[in-house]
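Top to bottom, those sequences are chains A and B. When the letters of the first sequence are read in order and numbered with the working numbering, they come out as residues 1 to 581. When the letters of the second sequence are read in order and numbered with the working numbering, they come out as residues 1 to 326.
The hints are simulated quantities; they were obtained by calculation from the structure and are not laboratory data. Check each hint, because a few of them may be wrong.
[To be verified] Simulated DEER-style distance windows between Cβ atoms: (1) A/Leu-563 to B/Glu-32: 44 to 50 Å; (2) A/Glu-525 to B/Glu-126: 52 to 58 Å; (3) A/Val-241 to B/Ala-291: 25 to 31 Å; (4) B/Arg-120 to A/Glu-525: 50 to 56 Å; (5) A/Tyr-192 to B/Ala-291: 52 to 58 Å.
Each residue gets a CB set at the ideal place from its N, CA and C atoms; glycine is no exception.
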Amino acid sequence: MEEIRIGVYVCWCGTNISKMVDVEDVAREIETLPYVVVARDYKYMCSDPGQDLIINDIKKHKLNRIVVSACSPRIHELTFRKALENAGLNPYMFEMANIREHVSWVHTSREDATKKAKALVAGAVSRVRWHNSLDKRFVEINPATLIIGGGISGISAALEIADSGKQVYLIEKTGQLGGFAAKIDLSSPFMYSAPQMINPKIDKIFKHPQITVFLNTQVEEMSGYYGNFTTKIKTEEDHEVELKFGNIILAIGLSTFDPSVIENYKYGKIPDVITSLEFEQYLISGKILRKDGSVPKNVAIIHCVGSRNSNYHDYCSRLCCKNALKYSNLIRAAIPDANIFELYSDMRAMGDGCEELYSATSRKNVMFLMFDQKNGMPDIREASSDDNCKMVIEMDEKLSGERVEIPADLVILMVAIEAQKEAKKLAQAIGISMCGNQFFIERHPKLDPVATTTDGVYIVGSCQAPKGIPHSVAQARAATARILARINVGHVEVEAATAKVNEDICCGCQTCISICPYSAISLDEEKQVSVVNEVLCKGCGTCCSACPNGAIRAQHFTDTQILSQIDGLLEKSLQLQEGLL
Amino acid sequence: MSEEENKPKLKLAVYWGAACGGCCVSVLDVHEKLFDVVANADLVFWPIALDIKYADVEAMPDGYIDLTLFNGAIRNSENKHMAKLLRQKTKVLVAYGSCSYMGGIPGLANLNTKEDIFERIYNETESTINPENIRPQERYEVDEGVLTLPEFYNDVRTLSQTVDVDYYLPGCPPQTERLLEVFTAIVTGLGLPPKGSVIGAAEKSQCDECTRKKTENKLIKKFYRPWEIVDDGETCFLEQGVICMGPATRCGCGNRCIMGNAPCRGCYGPAPDVIDPGAKMMSAVATMIDANDANEIEKIMEDIIDPAGYFYRYSLPASILRRKMR
Chain A
1 MEEIRIGVYV
11 CWCGTNISKM
21 VDVEDVAREI
31 ETLPYVVVAR
41 DYKYMCSDPG
51 QDLIINDIKK
61 HKLNRIVVSA
71 CSPRIHELTF
81 RKALENAGLN
91 PYMFEMANIR
101 EHVSWVHTSR
111 EDATKKAKAL
121 VAGAVSRVRW
131 HNSLDKRFVE
141 INPATLIIGG
151 GISGISAALE
161 IADSGKQVYL
171 IEKTGQLGGF
181 AAKIDLSSPF
191 MYSAPQMINP
201 KIDKIFKHPQ
211 ITVFLNTQVE
221 EMSGYYGNFT
231 TKIKTEEDHE
241 VELKFGNIIL
251 AIGLSTFDPS
261 VIENYKYGKI
271 PDVITSLEFE
281 QYLISGKILR
291 KDGSVPKNVA
301 IIHCVGSRNS
311 NYHDYCSRLC
321 CKNALKYSNL
331 IRAAIPDANI
341 FELYSDMRAM
351 GDGCEELYSA
361 TSRKNVMFLM
371 FDQKNGMPDI
381 REASSDDNCK
391 MVIEMDEKLS
401 GERVEIPADL
411 VILMVAIEAQ
421 KEAKKLAQAI
431 GISMCGNQFF
441 IERHPKLDPV
451 ATTTDGVYIV
461 GSCQAPKGIP
471 HSVAQARAAT
481 ARILARINVG
491 HVEVEAATAK
501 VNEDICCGCQ
511 TCISICPYSA
521 ISLDEEKQVS
531 VVNEVLCKGC
541 GTCCSACPNG
551 AIRAQHFTDT
561 QILSQIDGLL
571 EKSLQLQEGL
581 L
Chain B
1 MSEEENKPKL
11 KLAVYWGAAC
21 GGCCVSVLDV
31 HEKLFDVVAN
41 ADLVFWPIAL
51 DIKYADVEAM
61 PDGYIDLTLF
71 NGAIRNSENK
81 HMAKLLRQKT
91 KVLVAYGSCS
101 YMGGIPGLAN
111 LNTKEDIFER
121 IYNETESTIN
131 PENIRPQERY
141 EVDEGVLTLP
151 EFYNDVRTLS
161 QTVDVDYYLP
171 GCPPQTERLL
181 EVFTAIVTGL
191 GLPPKGSVIG
201 AAEKSQCDEC
211 TRKKTENKLI
221 KKFYRPWEIV
231 DDGETCFLEQ
241 GVICMGPATR
251 CGCGNRCIMG
261 NAPCRGCYGP
271 APDVIDPGAK
281 MMSAVATMID
291 ANDANEIEKI
301 MEDIIDPAGY
311 FYRYSLPASI
321 LRRKMR
């Protein structure tokens with residue numbers, strides 16, 4: 001057997017780790033462990049010079065095992081595995097100890113954090129001794145794409161992919177395509193007709209030979225992995241259909257805030273207090289009328305309903321200000337002598353054409369009144385018979401410092417944009433992360449905005465954060481470009497750490513066969529032993545824990561490896577607690 | 001005298017620690033083959049059969065005994081003393097039987113503390129009246145001198161947790177045929193595996209030799225104890241809902257229990273490299289439960305009376321768990 005020669009690299013991560021962990025002390029102490037030939041610390045192990053340090057040491061010191069103690073393996077395990085490969089070492093001869101997320105970021109005592117870091121690194125050193133070389137495996141990418149959500153994002157992505165000749169499965173939970181864009185009349189700030197934009201696209205979707213649309217359908221479960229996902233759906237006709245695809249785009253869009261929880265606004269109690277979404281229906285029908293059929297003389301539009309308020313949502317819903325400005329313009333055109341009031345807390349209409357819309361609106365005899373979200377939220381009450389209006393809104397006007405009363409016959413609440421109710425279930429089924437507001441989280445907020453931490457799963461449109469049509473379309477096309485580029489490569493590297501049967505031990509009890517979630521195991525009738533199909537096996541390890549006599553082992557997660565890691569960790573931590581060892 | 005008779009005889013010892021005596025009887029079970037053994041070996045120490053005192057063993061030179069079959073677990077200071085003594089006096093020390101190998105039935109005492117056990121035995125049992133709370137003393141002075149008893153340990157340990165062991169011969173008790181094979185191998189000096197190996201057993205598990213019909217259809221809706229169900233005599237016990245340790249247990253015993261229509265109890269111990277056969281079997285059985293609802297699963301699990309006794313019947317001290325903490 002080859003002599004084991006381990007190199008250990010302790011990362012500072014700038015000050016991220018080094019401020020709480022004495023990285024130099026960790027390296028010094030780990031260097032004394034058996035089999036460790038060299039242990040170093042460095043500012044940024046993931047940088048090119050950091051990786052070169054490893055590569056040069058592998059060559060110079062004939063290292064055959066590497067431990068990097070840095071951030072989470074989720075972030076840089078692949079980076080370092082590549083570095084090993086570049087140095088001619090099998091990438092699986094590597095183990096990472098997470099001393100950032102698991103140590104420096106969560107501890108407040110430098111002394112204890114340093115001890116814990118030493119124990120974790122000692123565990124990794126003890127484990128890596130037992131690592132074996134594993135061969136890379138590739139499987140073909142299924143060129144089909146599943147798109148969940150038939151709004152403008154999903155539609156844009158579907159057409160782009162299908163036009164390139166690849167199959168698209170488009171799943172929509174409601175009975176029609178178009179999403180929110182189909183529920184509005186004119187889009188702000190340029191007043192394009194939303195139906196004119198979206199209807200031809202919907203027509204094209206239904207006629208497209210490469211697109212299969214499933215309406216009134218929801219995805220409940222997902223299996224597989226990047227390149228080869230599978231889901232079972234129930235169609236409208238109650239047929240169960242199994243779909244197979246290589247990539248997923250989540251475009252489930254947005255939902256809106258229910259304003260009835262804000263007592264001041266009397267939504268649901270006073271009939272002519274309506275939401276922005278309801279007002280769009282008025283616009284589509286071409287009539288701005290009160291519930292009693294009369295034309296409103298005073299219209300008030302209240303901003304930030306559920307947005308930018310710590311009682312509801314902290315975030316800005318981003319689209320409401322420009323839509324509110326759009327409403328003032330449309331109301332002015334429809335009812336020239338109406339009094340129009342915009343009750344806002346900050347004017348946040350930004351982006352192309354929005355500032356222009358704001359100044360144009362302010363020249364149209366619209367009164368802008370500012371309120372404070374914390375003190376002085378508007379309060380709506382029904383007017384008395386002496387009043388010349390149906391409702392009175394009382395508020396502290398922030399700019400003048402005056403308490404004012406505003407007459408209103410129709411009140412439009414600019415309701416916040418929220419994540420879809422089913423977002424959480426979907427995130428769990430597919431295995432992606434969500435923020436506290438239940439929007440999906442992208443892989444990197446700046447550098448990787450449409451991908452997720454699950455390979456092959458992309459998020460576009462308002463399911464990631466509130467956004468308008470142009471941004472949604474841009475994201476949809478960005479995801480499309482990513483997917484088509486990957487399909488073009490044709491294959492995807494898959495987990496090499498699969499399960500393996502030791503035929504000398506396996507007795508053919510078949511416990512593993514029915515438990516495998518990927519149907520990757522079968523019985524060799526002649527030898528009476530289990531056989532793992534390596535292409536189907538995802539290395540999940542279920543069979544390995546089910547196997548009663550240890551005949552199936554998860555490569556890279558063997559009992560020996562895991563127990564050695566625990567041994568190394570405990571030995572070091574007991575050693576560091578004086579008198580215990 | 002022929003060359004054969006000139007050859008010095010092997011010196012053989014058999015000793016029991018915390019044991020039931022079954023292992024010693026299994027040595028006797030060689031029946032008339034005992035003469036072959038005696039032809040090749042002198043029995044220099046065997047408390048169940050020969051009147052040789054501890055002092056006689058102490059007087060032997062180190063390494064004097066060629067082969068010691070040590071059965072029984074290490075439960076008290078006498079067991080430990082004899083394990084150390086015999087290790088010193090013996091060339092090849094074999095942990096003979098499940099108790100010596102894995103802790104065995106006495107090892108289940110690790111589910112209790114010494115105090116629990118004494119409380120039960122010397123105070124609580126239905127036939128005990130002990131108002132003065134008298135407990136055994138390790139030392140007691142009488143006119144004639146000092147009487148001593150071995151110290152009763154809190155933990156039951158295996159032989160290899162106490163001294164260095166050369167080979168392990170599993171079974172409760174080991175099959176006599178396997179003993180003869182091993183004895184022959186040692187006499188001839190041929191066919192002995194590396195030190196630390198399990199001998200007298202195969203690598204595969206019971207299922208490999210089991211002639212019952214088995215499929216992948218191990219879906220259990222209800223667990224039965226053997227007496228609660230009429231065994232059809234031909235279907236895998238697990239597929240009938242009866243817990244059989246066979247899949248987690250080495251073969252070599254000749255499928256004895258299963259041939260007798262009783263599920264395997266696991267005395268032959270785990271397959272190579274498996275540290276904790278109890279955990280392995282529990283996790284295998286967990287995969288067989290045919291339910292997805294947490295409450296239903298719990299209800300099905302309730303049918304497993306005494307899971308520790310089922311899954312760790314022979315292996316608790318040698319397992320990762322080793323004992324109940326308190």
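**Q.** Numbers of unmet hints, in rising order
**A.** none
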